[in-house]
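Take a look at the letters that make up each chain.
Protein chains: 2
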Amino acid sequence: MAKDNFVEQIADIETDFPQWYTDVVVKTKLVDYGPVKGTMVIRPYGYAIWENIQKEMDRRFKALGIENAYFPLLIPMSFMTKEAEHVEGFAPEVAVVTHAGGEKLAEPLCIRPTSETIIGSMYSKWIQSYRDLPVLMNQWANVMRWEKTTRPFLRTSEFLWQEGHTVHASEDEAMDETLKMLAVYEEFARTCLAMPVLTGRKTEKEKFAGAVATFGMEAMMHDGKSLQAGTTHYLGQNFAKAFDIRFLDKDGTLKYGYTTSFGVSTRLIGAIIMTHGDARGLVMPPVVAPVQAVIVPIASKKEGVMEACRALKEKLAAAGIRVVLDDSENSPGWKFNEWEMKGVPVRIELGPRDLEAGKCLLFRRDTLEKTECALDGAEQSVRTLLSQISENMYDRAKARMDSRIVRAGSLDELLAGVEGGNFVRAGWCGCRECEDKVKEFAQATARVLDGEKTSDTCVVCGKKAEHTVIFARAY
Amino acid sequence: MAKDNFVEQIADIETDFPQWYTDVVVKTKLVDYGPVKGTMVIRPYGYAIWENIQKEMDRRFKALGIENAYFPLLIPMSFMTKEAEHVEGFAPEVAVVTHAGGEKLAEPLCIRPTSETIIGSMYSKWIQSYRDLPVLMNQWANVMRWEKTTRPFLRTSEFLWQEGHTVHASEDEAMDETLKMLAVYEEFARTCLAMPVLTGRKTEKEKFAGAVATFGMEAMMHDGKSLQAGTTHYLGQNFAKAFDIRFLDKDGTLKYGYTTSFGVSTRLIGAIIMTHGDARGLVMPPVVAPVQAVIVPIASKKEGVMEACRALKEKLAAAGIRVVLDDSENSPGWKFNEWEMKGVPVRIELGPRDLEAGKCLLFRRDTLEKTECALDGAEQSVRTLLSQISENMYDRAKARMDSRIVRAGSLDELLAGVEGGNFVRAGWCGCRECEDKVKEFAQATARVLDGEKTSDTCVVCGKKAEHTVIFARAY
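Going down the list, the sequences are from chains A and B.
Just add 2 to wherever you are in the first sequence, counting from 1, and you've got this note's numbering.
Just add 2 to wherever you are in the second sequence, counting from 1, and you've got this note's numbering.
The following block holds chain A by itself, in its conformation from the complex (with noise of 0.2 Å):
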């Protein structure tokens, strides 16, 4: 049968995930890998969904005053050492220009793995007094890491992202900015990616590097392991130093200002993919779908049938909908098939009899539902549709995630609660030691530090916790 053809050409999402996922990202066309290792192509298909993401989160940008600029893709290697955590972390990442235009560069340059340094050189030329703050930038750029493991959208050398970057006249309002656009990514996931995340504060360890505090949102993978899915950084005065980002204040004298960054990139395509899919494929989240309905005509050749599949589209495409009418030759098995493959989150039969009382049918493809639906108003119906459907996707995202966070009292606790596929619970003194011990036995880290007061105790070591920590396998 056509269905189970499809079926096969994926692994089992429960028993190989990690093939599940290859397979999906590759035969619904999200992706391609490059000829470089560790590269990948953005097909039309994902680069839809970056698309989508893009105007959604540019809106929330602008309404706040962030503005976007364009700033260099080659920065002086001398720029990477200025601060100092900074350049440890990344220089073993960066892929590195040496000769061009046929010559030897004086100085070898880096392509950025992120651009503090570029920027807060610039920042440092274009702030004189305390009326040119705060600065809040925003760029949507390219940046490079040299990884030795890829994986399409999670890992990969190159990579898509926007990149905000804020400059303050106090330590206040920076930390403000910081957790006010940690609470802007948690918004834009919930409602554009259905997808709840954990927010909160990193782990020394975990940090940005060069960063005085680094928050991030955390997602619950269907596998149970994390994903970091976007982060915010205080940065504190480290490059206002490094860079010399300087201001004459209010009461007449220079100092240093306070900055922020903050991103979001391509990995949160893998995020939606490894948050939503089940074992038919892809299940997009309607706001952020490539395609948000599929029309399929049933019996394509009867009498009227693609006259109104047509006028259907007409109708929701004026109404705003993205929707696709599949015209093509092939059966309509075979395009149910391959537009639930492909995750589109709701699929419209139409065939004479559905024609003759003038109604069609609708599958939603979270639920894997069928209703039907008069043609008259089907704008209106395929509209509340979407509403539910992502409604829906993070409630069940939401259920399932909160189900499994478990608490743990010891290190064989923590080890079966990730094994398991759970996120753990568990007190921590706050110490790097039991930090490492963690992830030594249970190959988990801390994805971030609970908000809530603990009178709990380190699970390592068993003296008073400092911090309630959720613990994770991660991508």
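Quick caveat, the hints were computed from the structure, so don't treat them as lab data.
Bear in mind the structure is a predicted one, so any value in this text is a computation, not a measurement.
A hint or two may mislead.
A pair holds if it fits inside one copy or across any two, identical chains being indistinguishable in the list.
[To be verified] Simulated crosslink set (SDA-like; lysine to any residue; CA at most 20 Å straight-line):
#1 K57 - W163
#2 K31 - S126
#3 K127 - D246
#4 K31 - Q130
#5 K465 - L451
#6 K150 - A108
#7 K84 - V38
#8 K64 - V293
Place chain B on chain A using the hints.
Showing chain B alone in chain A's frame:
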């Protein structure tokens, strides 16, 4: 006077146009120089123009069925050498990555100067059958060409662009695509940039490295020099053969595809500046202007003025006009000059007397004329004025260009023509030697071949002319 101070910041456009350009791009904060020689930082006011260009162009592409994708930045050096003319043209300009992740790479990688090669390698993998054709893709990306002499927007080592890449089953279809995209560019330049262009085929000397034929659009800058503002390339089977892009045709035989490519870049921002700018600075075409209207309160402390300005701003914004209310503490005169330098198409002045009369003053940047306008329905008046400005800017630039295309029957006339800041139309026999002689004698190049049939003689050798050519000095 404030006004004089402002104008003094910018060199005189008539006597020192290069300095005028540098002054204007830096002082209006469109751009700044990056730390690496030849690189630029596109600041928010400049990047907003690019975002508007992208939005308008992308809409046109999508309406034509062109899909966006993203291909890797780094291209194996061996790819570049597969098409003989291509490597000859681009190898001298590439930036080369030799080290990454702390190791020397087995094969050096070049940063894309353009992506025909890497995209060709992927198309070869994706295209099997005639059913897969045509393939119509585009990417918005950064590219790098190491240039000796650079100027912001016009020629920088890194720039942003779009590059379309298509594959077709036949020569005719590919050539049609090449010419269709040239027409899209021309319409875009006219409608969105108020910029008249001459379009036509390029000579062999001036064509893209690896193309069978290149078509370009050329715009006349304030100093009479030409700027290549966009190109489309018919690549024949050159890249299809180099990268083995083959498809099984309906007749059951395996055939090479025919490919095209086309691109416009951030250079367009330079073209806008140098087409429309005047002694006071920028004159922004309304469709892509970051700010379309600025409201300047007069006697802003007087009762009701700021409230009225804010209400007007809301009304204009709700009507989809990109509007700014300048409520800074600067004097109205200072504001006038600043926003004039920034080229905002419409300035709205609103003071107590206007308010009493229920009107405001509209100042248009293109003609420097003022008109009164009722506050009631101001959004409609501003919208109409923006359209008029756009049309007037085009008509004015078109009349200017048309009046500065002169004929030449000899090399001396040609030299006099370009020295007078004109485009020169002249006969050409078609040989490279004569083309080189024009360059040597008059520092002018063949911009495009003119469509009209000619009974002319070659401006250099006096033999029968094969083509009529537009010669000009160029950026």
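Hint by hint, here is what the structure shows:
1. Taking CA atoms no more than 20 Å apart as the test, K57 paired with W163 passes in both settings, with 13 Å inside one copy and 19 Å between copies.
2. Proximity of K31 to S126 under the C-alpha cut-off of 20 Å is restricted to the inter-copy arrangement: shortest distance 15 Å between copies versus 44 Å within a copy.
3. Taking CA atoms no more than 20 Å apart as the test, K127 paired with D246 passes inside one copy only; the shortest distance there is 9 Å, against 50 Å between copies.
4. For the identical chains of this complex, K31 and Q130 are inter-copy neighbours only, at 15 Å across copies versus 49 Å inside a copy, given an alpha-carbon limit of 20 Å.
5. In this assembly of identical chains, K465 and L451 lie within 20 Å of each other by CA distance solely inside one copy; the values are 17 Å within and 83 Å between copies.
6. Within a single copy, K150 and A108 get their C-alpha atoms only as close as 29 Å, which misses the 20 Å cut-off; across copies the closest is 15 Å, which meets it.
7. When the C-alpha separation of K84 and V38 is checked against a cutoff of 20 Å, the pair qualifies only between copies, where the shortest distance is 16 Å, while the shortest distance within a copy is 31 Å.
8. Taking the shortest alpha-carbon separations for K64 and V293, only the inter-copy value of 14 Å comes in at or below 20 Å, while the best intra-copy value is 26 Å.
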